[in-house]
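Student: If you want the building blocks of each chain, they are given just below.
There are 2 protein chains.
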Amino acid sequence: MKPVGFVRSPFRDTSEIPKGCGAKHDADGVLEILPELEEGLTDVEGFSHLFVIWVFDRSEHVALLGTPPSDDRPHGVFATRSPYRPNPIGLTVVQLLRREGHRLHVRGLDMLDGTPILDVKPYLSGVPQESVRRGWLEEAERKRGGAPSPPGS
Amino acid sequence: MKPVGFVRSPFRDTSEIPKGCGAKHDADGVLEILPELEEGLTDVEGFSHLFVIWVFDRSEHVALLGTPPSDDRPHGVFATRSPYRPNPIGLTVVQLLRREGHRLHVRGLDMLDGTPILDVKPYLSGVPQESVRRGWLEEAERKRGGAPSPPGS
Numbered sequence: 001m002k003p004v005g006f007v008r009s010p011f012r013d014t015s016e017i018p019k020g021c022g023a024k025h026d027a028d029g030v031l032e033i034l035p036e037l038e039e040g041l042t043d044v045e046g047f048s049h050l051f052v053i054w055v056f057d058r059s060e061h062v063a064l065l066g067t068p069p070s071d072d073r074p075h076g077v078f079a080t081r082s083p084y085r086p087n088p089i090g091l092t093v094v095q096l097l098r099r100e101g102h103r104l105h106v107r108g109l110d111m112l113d114g115t116p117i118l119d120v121k122p123y124l125s126g127v128p129q130e131s132v133r134r135g136w137l138e139e140a141e142r143k144r145g146g147a148p149s150p151p152g153s
Numbered sequence: 001m002k003p004v005g006f007v008r009s010p011f012r013d014t015s016e017i018p019k020g021c022g023a024k025h026d027a028d029g030v031l032e033i034l035p036e037l038e039e040g041l042t043d044v045e046g047f048s049h050l051f052v053i054w055v056f057d058r059s060e061h062v063a064l065l066g067t068p069p070s071d072d073r074p075h076g077v078f079a080t081r082s083p084y085r086p087n088p089i090g091l092t093v094v095q096l097l098r099r100e101g102h103r104l105h106v107r108g109l110d111m112l113d114g115t116p117i118l119d120v121k122p123y124l125s126g127v128p129q130e131s132v133r134r135g136w137l138e139e140a141e142r143k144r145g146g147a148p149s150p151p152g153s
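Line by line, the protein sequences give chains A and B. The numbering of the first sequence is my numbering, which starts it at 1 and goes up by one. The numbering of the second sequence is my numbering, which starts it at 1 and goes up by one.
Check each hint, because a few of them may be wrong.
[Claimed, not checked] Below, simulated DSSO-like cross-link-like pairs (lysine-lysine); rule was C-alpha separation at most 30 angstroms, straight line:
id, chain 1, residue 1, chain 2, residue 2
1, A, 19, A, 2
2, B, 2, A, 19
3, B, 2, A, 2
4, B, 2, B, 19
5, A, 19, A, 143
6, B, 143, B, 24
7, B, 143, B, 19
8, B, 19, A, 2
9, A, 143, A, 24
Source of the hints: derived by calculation from the structure; they are not laboratory data.
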């Protein structure tokens, strides 16, 4: 696995990234794909949203159980978006604003500046929201009276 | 990157996996997570859907441009779900039917039996379908009169 590009985002430190119940991810930035891979972006501009698969490159350990910012109880790492994963892979849905050659201008970033990108895929369709159950997160939101988390969070 | 588990699916050959416009992914199977990682699945059963990040382990080359089964024109690899990616990573949304210890029984598989799993994440929310534009795929569907692709395809 080698980076296909890097994220240019306004976030220099994880403390700057909105987290927890009702956190809004609307930061703008750029997915800088390697120039030699630009041909792979052909026709990507027709899609409104993209999946970005990336590396938590500044995450230094693994924790199978952890207490996320949105709750006061621990949950399994595969039931959360914790960075302390067996494979430090992140997944974010972004809105594609425009393409300039090998640069994709996007909205909805929640990654640090300089984050390595492993893959970009078109977002084709979602699960109807009425079919989605969100386990512990729904309970935590009810307890706190927080708004539901936004798409991609 | 090491597998956190393996897919048990009915598909032994890529020719058996439904592809192209209107393909339905409703195959049942199991995500067998490594027993030593079972603690990481704590509370996952509360979620109706999961993202599965996996490896196209039988994909042998990279093609920056390719013609997908749903169209007769070539598109960039980052605008398709082609297996011939710079990093051979796949992403599938599955419905979680039930958990049995370190085994997740799921519906909606489109991976070959034995596929290595890199990560499992909870599906929290999608982009409202009315906001999603799907570029070349919409055009191809219109031309063929096919049904829109189902979630996760």
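Student: Check whether the Cα positions of residue 2 of chain B and residue 19 of chain B lie no farther apart than 30 angstroms.
Tutor: The hint holds at about 28 angstroms.
Student: Given the hinted pair residue 143 of chain B and residue 24 of chain B, is their alpha-carbon gap at most 30 angstroms?
Tutor: holds (19 angstroms)
Student: Please verify whether residue 2 of chain B and residue 19 of chain A have alpha carbons no more than 30 angstroms apart.
Tutor: Measuring from Cα to Cα gives roughly 28 angstroms; hence the hint holds.
Student: With the threshold set at 30 angstroms, check whether the alpha-carbon distance from residue 19 of chain A to residue 2 of chain A stays at or below it.
Tutor: holds (28 angstroms)
Student: Would the pair residue 143 of chain B and residue 19 of chain B pass a check requiring their Cα atoms to be no farther apart than 30 angstroms?
Tutor: holds (17 angstroms)
Student: Does the alpha-carbon distance linking residue 19 of chain A and residue 143 of chain A stay inside the 30 angstroms limit?
Tutor: Distance of about 17 angstroms is within 30 angstroms: holds.
Student: Under the criterion that the straight-line Cα-Cα distance not exceed 30 angstroms, is the pair residue 2 of chain B, residue 2 of chain A satisfied?
Tutor: At roughly 15 angstroms apart (the allowed maximum being 30 angstroms), residue 2 of chain A and residue 2 of chain B satisfy the hint.
Student: Is the straight-line distance between the alpha-carbon of residue 143 of chain A and that of residue 24 of chain A 30 angstroms or less?
Tutor: holds (19 angstroms)
Student: Hey, residue 19 of chain B versus residue 2 of chain A, does the alpha-carbon distance stay inside 30 angstroms?
Tutor: holds (28 angstroms)
The earlier numbered hints are all upheld by this structure, with none contradicted.
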